[in-house]
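As a plain string of letters, each chain reads:
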Amino acid sequence: MKRVYAREEYCVGCKLCEIHCIAAHSKYKNDLIKTFKKDTNPPVSRILVEENKPVSFALQCRHCDDAPCTKACIVGAMQKDPETGIVTNEEDRCVGCWTCILVCPYGAIQRDERGHKVASKCDLCSENGKVPACVEHCPNRALEYGEEPFYLAKGK
Amino acid sequence: MNYVIIGNSAAAIGAVEGIRQVDKTNPIVLISDEPYHTYSRPLISYYLAGKVAEDKMLYRKHDFYEKNKVTTMLGTKVVAVDTGNKEVVLENDEKVPYDKLLIATGSVPFIPPMAGLDKNNVFTFIKMDDIKAIKEVVMVGNKAVIIGAGLIGLKAAEGLTNLGVDVTVVELANRVLPAILDEDAAGIVQAHLEKQGIKFELNTSVEAITGSEKVEGVSLKNGKSYAADIVVVAVGVRPNTEIVKDSQIAVSRGIVINDYCQTSIDDVYAAGDVTEGYDIVYAQQRVLPILPNAYNQGETAGLNMAGKISIFNGGFAMNSIGFFGLPMITAGIIKSEDENYEVLVKSVPEQGYYKKIILKDNVVVGYIYLNKVDRAGIVTSLIKDKINVADFKEVLLKDGFGYIDLPQELRKSRLLRGGIA
Numbered sequence: 598m599k600r601v602y603a604r605e606e607y608c609v610g611c612k613l614c615e616i617h618c619i620a621a622h623s624k625y626k627n628d629l630i631k632t633f634k635k636d637t638n639p640p641v642s643r644i645l646v647e648e649n650k651p652v653s654f655a656l657q658c659r660h661c662d663d664a665p666c667t668k669a670c671i672v673g674a675m676q677k678d679p680e681t682g683i684v685t686n687e688e689d690r691c692v693g694c695w696t697c698i699l700v701c702p703y704g705a706i707q708r709d710e711r712g713h714k715v716a717s718k719c720d721l722c723s724e725n726g727k728v729p730a731c732v733e734h735c736p737n738r739a740l741e742y743g744e745e746p747f748y749l750a751k752g753k
Numbered sequence: 321m322n323y324v325i326i327g328n329s330a331a332a333i334g335a336v337e338g339i340r341q342v343d344k345t346n347p348i349v350l351i352s353d354e355p356y357h358t359y360s361r362p363l364i365s366y367y368l369a370g371k372v373a374e375d376k377m378l379y380r381k382h383d384f385y386e387k388n389k390v391t392t393m394l395g396t397k398v399v400a401v402d403t404g405n406k407e408v409v410l411e412n413d414e415k416v417p418y419d420k421l422l423i424a425t426g427s428v429p430f431i432p433p434m435a436g437l438d439k440n441n442v443f444t445f446i447k448m449d450d451i452k453a454i455k456e457v458v459m460v461g462n463k464a465v466i467i468g469a470g471l472i473g474l475k476a477a478e479g480l481t482n483l484g485v486d487v488t489v490v491e492l493a494n495r496v497l498p499a500i501l502d503e504d505a506a507g508i509v510q511a512h513l514e515k516q517g518i519k520f521e522l523n524t525s526v527e528a529i530t531g532s533e534k535v536e537g538v539s540l541k542n543g544k545s546y547a548a549d550i551v552v553v554a555v556g557v558r559p560n561t562e563i564v565k566d567s568q569i570a571v572s573r574g575i576v577i578n579d580y581c582q583t584s585i586d587d588v589y590a591a592g593d594v595t596e597g598y599d600i601v602y603a604q605q606r607v608l609p610i611l612p613n614a615y616n617q618g619e620t621a622g623l624n625m626a627g628k629i630s631i632f633n634g635g636f637a638m639n640s641i642g643f644f645g646l647p648m649i650t651a652g653i654i655k656s657e658d659e660n661y662e663v664l665v666k667s668v669p670e671q672g673y674y675k676k677i678i679l680k681d682n683v684v685v686g687y688i689y690l691n692k693v694d695r696a697g698i699v700t701s702l703i704k705d706k707i708n709v710a711d712f713k714e715v716l717l718k719d720g721f722g723y724i725d726l727p728q729e730l731r732k733s734r735l736l737r738g739g740i741a
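Residue numbers (this note's numbering), protein chains in the order written: chain A, 598 to 753; chain B, 321 to 741.
No lab work stands behind these hints, which were simulated from the structure alone. Do not take every clue at face value.
[Claimed, not checked] Restraint-style ranges between C-beta atoms, simulated for each label pair: (1) B:Lys-655 - A:Glu-710: 24 to 32 Å; (2) A:Tyr-625 - B:Val-342: 27 to 35 Å; (3) A:Asn-627 - B:Thr-524: 34 to 42 Å; (4) A:Asp-628 - B:Met-321: 51 to 59 Å; (5) B:Lys-713 - A:Asp-663: 24 to 32 Å.
[Unchecked claim] Subject to a maximum C-alpha distance of 27 Å in a straight line, what follows is the list of computed DSSO-like cross-link-like pairs (lysine-lysine): (6) A:Lys-714 - B:Lys-692; (7) A:Lys-714 - B:Lys-397; (8) A:Lys-714 - B:Lys-376; (9) A:Lys-714 - B:Lys-565; (10) A:Lys-599 - B:Lys-732; (11) A:Lys-677 - B:Lys-387; (12) A:Lys-624 - B:Lys-713; (13) A:Lys-677 - B:Lys-628; (14) B:Lys-406 - B:Lys-565; (15) B:Lys-439 - A:Lys-714; (16) B:Lys-732 - A:Lys-677; (17) B:Lys-406 - B:Lys-376; (18) B:Lys-376 - A:Lys-624; (19) A:Lys-650 - B:Lys-732; (20) B:Lys-381 - A:Lys-677; (21) B:Lys-406 - A:Lys-650; (22) B:Lys-732 - B:Lys-713; (23) B:Lys-344 - A:Lys-677; (24) A:Lys-714 - B:Lys-718; (25) B:Lys-389 - B:Lys-376; (26) A:Lys-677 - B:Lys-376; (27) A:Lys-714 - B:Lys-713; (28) A:Lys-714 - B:Lys-455; (29) A:Lys-650 - A:Lys-714; (30) A:Lys-650 - B:Lys-387; (31) B:Lys-718 - A:Lys-612; (32) B:Lys-455 - B:Lys-389; (33) B:Lys-544 - B:Lys-463; (34) A:Lys-650 - B:Lys-666; (35) B:Lys-732 - A:Lys-612; (36) B:Lys-376 - B:Lys-447; (37) B:Lys-447 - A:Lys-714; (38) A:Lys-677 - B:Lys-389; (39) B:Lys-713 - B:Lys-387; (40) B:Lys-692 - A:Lys-612.
Cβ atoms here follow ideal geometry from the backbone N, Cα and C, with glycine treated the same way.
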């Protein structure tokens with residue numbers, strides 16, 4: 598399946614990916630200005646920039662083949678689509694118990710406590726049906742969206 | 321080939337999903353003494369408090385059995401397993417033949433001997449019917465005594481408090497949640513629960529449940545007594561091994577299984593709370609009654625039953641739970657047992673913040689995260705993968721500990737392998 602791979606050598610730590618992730622999942626879909634001007638309670642970013650200068654990189658759900666969150670979920674809300682491989686959380690069934698946070702080896706699941714507590718995570722912008730917003734808006738191509746990591750694709 | 325599964329919770333469902341990854345056609349018969357569609361056991365306290373409606377309790381959707389070609393026998397009790405004739409015996413003496421069998425009968429409440437257990441309004445707290453029985457009698461302003469301050473007891477305490485019940489919890493250990501918290505963390509959690517009005521009697525146990533036909537109170541070994549309309553016995557659980565006691569299947573504390581989730585008898589598998597599997601932290605066979613373990617063992621058993629060789633190379637204790645908005649995640653060994661353990665602690669009790677990591681030979685073997693639980697799974701994975709942390713242990717307690725803090729080689733190998741976690 599296609600995943601987002603980070604190239605830490607290219608990441609400048611600008612966090613635009615976080616900004617665009619928030620916009621992509623806000624009620625003003627992909628509209629940066631409305632998201633940050635009008636949405637009084639915008640979503641949490643599902644991608645996280647980790648930084649310890651000079652190194653930085655963005656990290657989000659890896660959509661693991663053998664995803665531990667889907668097996669640990671106490672209500673069966675966290676599921677991996679057998680066709681697309683995308684792991685998503687059915688938020689209206691999620692009770693915010695954070696068992697997925699306990700088992701996610703990447704620390705890629707966020708607590709969204711704006712209303713009904715739910716686990717929030719990267720859905721590869723599957724509803725948009727195109728390149729994930731973080732990848733599309735990365736100014737230095739530090740995020741790549743592909744079947745395999747760039748270093749494998751280049752035959753290294 | 322026909323598959324028979326006894327049980328209908330996480331391990332049983334894991335097995336159905338495991339079998340169907342490999343074998344799409346052969347019949348699966350699933351037998352459960354509970355009459356319900358598979359539901360989430362951990363949600364029963366939410367159900368009690370009215371936070372989740374009964375129809376939102378489902379562990380899998382309504383069409384799950386149909387989609388997976390499972391024939392269910394719900395509300396049907398298995399009384400024995402005849403491994404010689406390869407059949408399970410039902411309460412009505414009917415027999416169900418199997419080629420491959422999974423025993424996923426879960427656990428039953430452990431009830432310590434005490435006087436007065438037979439009185440009305442004494443309840444346990446592990447399944448749907450327990451909650452339905454409590455819901456029938458509970459009223460605002462009732463008094464409840466809960467015996468046991470473990471995960472189940474405190475979830476019962478929270479649920480009942482939310483219903484306007486005056487709750488007292490009695491615990492034999494010196495602290496709340498003794499299996500998953502040390503004294504310091506338990507103190508923070510107890511203070512938080514006391515603010516909600518819950519009272520505690522620690523270091524003691526119930527001598528007798530008093531009253532005539534109905535519960536009227538409890539008397540404690542420390543000499544005190546409490547009035548009560550309801551008593552919940554939540555001391556712990558034990559593997560529900562009743563149906564195999566006359567069989568050849570080896571049982572220690574639970575049904576003994578190997579890495580393939582096979583029992584000692586060919587074609588008989590077991591998974592979940594009923595088993596005793598390998599604990600990678602303690603490096604010994606242990607009963608681990610937690611949901612992720614149950615699902616993983618069930619799935620592994622299912623894959624093997626359908627012919628795809630698969631191993632579950634061991635679990636360890638891990639829990640994520642919260643009470644009245646205070647979340648906590650803990651795993652593995654939570655108290656150092658001798659001088660071979662190294663303990664790292666960061667504590668800010670007034671903010672309800674506590675972080676503790678336990679190492680042995682530079683490998684993380686356990687941790688407690690109180691309140692700030694974000695990204696705890698990274699530490700869980702350090703335990704699971706037995707990563708040597710000698711080079712970065714000083715950053716383990718750092719706020720926001722993450723992949724940036726891992727050595728570059730470890731970080732890159734994990735991030736670039738994408739799905740092959």
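Hint-by-hint comparison with the structure:
In this structure, Lys-655 of chain B and Glu-710 of chain A meet the distance hint of 24 to 32 Å, their C-beta atoms being roughly 30 Å apart. The hinted range of 27 to 35 Å is not satisfied by Tyr-625 of chain A and Val-342 of chain B, whose Cβ atoms lie roughly 45 Å apart. Separation of Asn-627 of chain A from Thr-524 of chain B is about 60 Å and departs from the stated range, judged on CB atoms against 34 to 42 Å. For Asp-628 of chain A and Met-321 of chain B, the Cβ-Cβ distance of about 55 Å falls inside the hinted range of 51 to 59 Å, so the restraint holds.
The given range of 24 to 32 Å is respected by Lys-713 of chain B and Asp-663 of chain A, whose C-beta atoms sit roughly 28 Å from each other. For the given pair, Lys-714 of chain A sits about 15 Å from Lys-692 of chain B by alpha-carbon distance, which is consistent with the 27 Å threshold. At roughly 37 Å between alpha-carbon atoms, Lys-714 of chain A and Lys-397 of chain B are farther apart than 27 Å, so this suggested pair is violated. Proximity of Lys-714 of chain A to Lys-376 of chain B is assessed by CA-CA distance (about 15 Å); at most 27 Å being required, the pair is judged to hold.
The suggested pairing of Lys-714 of chain A with Lys-565 of chain B is violated, with an alpha-carbon distance near 43 Å, which exceeds 27 Å. Between Lys-599 of chain A and Lys-732 of chain B the alpha-carbon distance is near 18 Å, which keeps this suggested pair within the 27 Å criterion. For the proposed pair Lys-677 of chain A and Lys-387 of chain B, the alpha carbon gap of about 16 Å is at most 27 Å, so the pair holds. With a CA separation close to 41 Å, the supplied pair Lys-624 of chain A and Lys-713 of chain B exceeds the 27 Å bound.
In summary, the hint linking Lys-677 of chain A to Lys-628 of chain B is supported, as the alpha carbons are separated by about 20 Å, within the 27 Å threshold. Among the hinted pairs, Lys-406 of chain B with Lys-565 of chain B is consistent with the structure: their alpha-carbon atoms are about 16 Å apart, no more than 27 Å. Our distance criterion of 27 Å between C-alpha atoms is broken by Lys-439 of chain B and Lys-714 of chain A, whose separation comes to about 39 Å. Proximity of Lys-732 of chain B to Lys-677 of chain A is assessed by CA-CA distance (about 24 Å); at most 27 Å being required, the pair is judged to hold.
Under the criterion of a C-alpha separation no larger than 27 Å, the hint pairing Lys-406 of chain B with Lys-376 of chain B is inconsistent with the structure, at around 37 Å. The hinted pair formed by Lys-376 of chain B and Lys-624 of chain A meets the criterion: a straight-line CA distance of about 25 Å does not exceed 27 Å. Distance check on the hinted pair: Lys-650 of chain A and Lys-732 of chain B sit about 17 Å apart at the alpha-carbon level, within 27 Å; holds. Between the alpha carbons of Lys-381 of chain B and Lys-677 of chain A the distance comes to roughly 15 Å, so the proposed pair stays at or under 27 Å and holds.
Of the pairs offered as hints, the one joining Lys-406 of chain B and Lys-650 of chain A is violated, with about 64 Å between alpha carbons and a cut-off of 27 Å exceeded. Distance check on the hinted pair: Lys-732 of chain B and Lys-713 of chain B sit about 18 Å apart at the alpha-carbon level, within 27 Å; holds. Between Lys-344 of chain B and Lys-677 of chain A the alpha-carbon distance is near 18 Å, which keeps this suggested pair within the 27 Å criterion. With a CA separation close to 26 Å, the supplied pair Lys-714 of chain A and Lys-718 of chain B stays within the 27 Å bound.
For the proposed pair Lys-389 of chain B and Lys-376 of chain B, the alpha carbon gap of about 23 Å is at most 27 Å, so the pair holds. About 20 Å separates the Cα atoms of Lys-677 of chain A and Lys-376 of chain B, which keeps this hinted pair within 27 Å; it holds. Restraint check for Lys-714 of chain A and Lys-713 of chain B: the C-alpha separation of about 32 Å exceeds 27 Å, so the hint is violated. For a cut-off of 27 Å, the pair hint linking Lys-714 of chain A to Lys-455 of chain B stands: about 25 Å separates their Cα positions.
Our distance criterion of 27 Å between C-alpha atoms is broken by Lys-650 of chain A and Lys-714 of chain A, whose separation comes to about 33 Å. Pair hint Lys-650 of chain A plus Lys-387 of chain B does not hold up; C-alpha atoms about 51 Å apart against a cutoff of 27 Å. At most 27 Å may separate the alpha-carbon atoms for a hinted pair to count; Lys-718 of chain B and Lys-612 of chain A meet this at roughly 21 Å. The straight-line distance between the Cα atoms of Lys-455 of chain B and Lys-389 of chain B is roughly 35 Å, outside the 27 Å bound, and the hint therefore fails.
Restraint check for Lys-544 of chain B and Lys-463 of chain B: satisfied, since their Cα atoms lie roughly 16 Å apart, inside the 27 Å limit. The hinted pair formed by Lys-650 of chain A and Lys-666 of chain B meets the criterion: a straight-line CA distance of about 25 Å does not exceed 27 Å. Pair hint Lys-732 of chain B plus Lys-612 of chain A holds up; C-alpha atoms about 20 Å apart against a cutoff of 27 Å. Pair hint Lys-376 of chain B plus Lys-447 of chain B holds up; C-alpha atoms about 15 Å apart against a cutoff of 27 Å.
A hinted pair counts as satisfied when its Cα atoms are at most 27 Å apart, and Lys-447 of chain B with Lys-714 of chain A qualifies at roughly 24 Å. Distance check on the hinted pair: Lys-677 of chain A and Lys-389 of chain B sit about 20 Å apart at the alpha-carbon level, within 27 Å; holds. Restraint check for Lys-713 of chain B and Lys-387 of chain B: not satisfied, since their Cα atoms lie roughly 48 Å apart, outside the 27 Å limit. Of the pairs offered as hints, the one joining Lys-692 of chain B and Lys-612 of chain A holds, with about 23 Å between alpha carbons and a cut-off of 27 Å not exceeded.
Checked against the numbered hints above, the structure breaks hints 2, 3, 7, 9, 12, 15, 17, 21, 27, 29, 30, 32, 39 and satisfies the rest.
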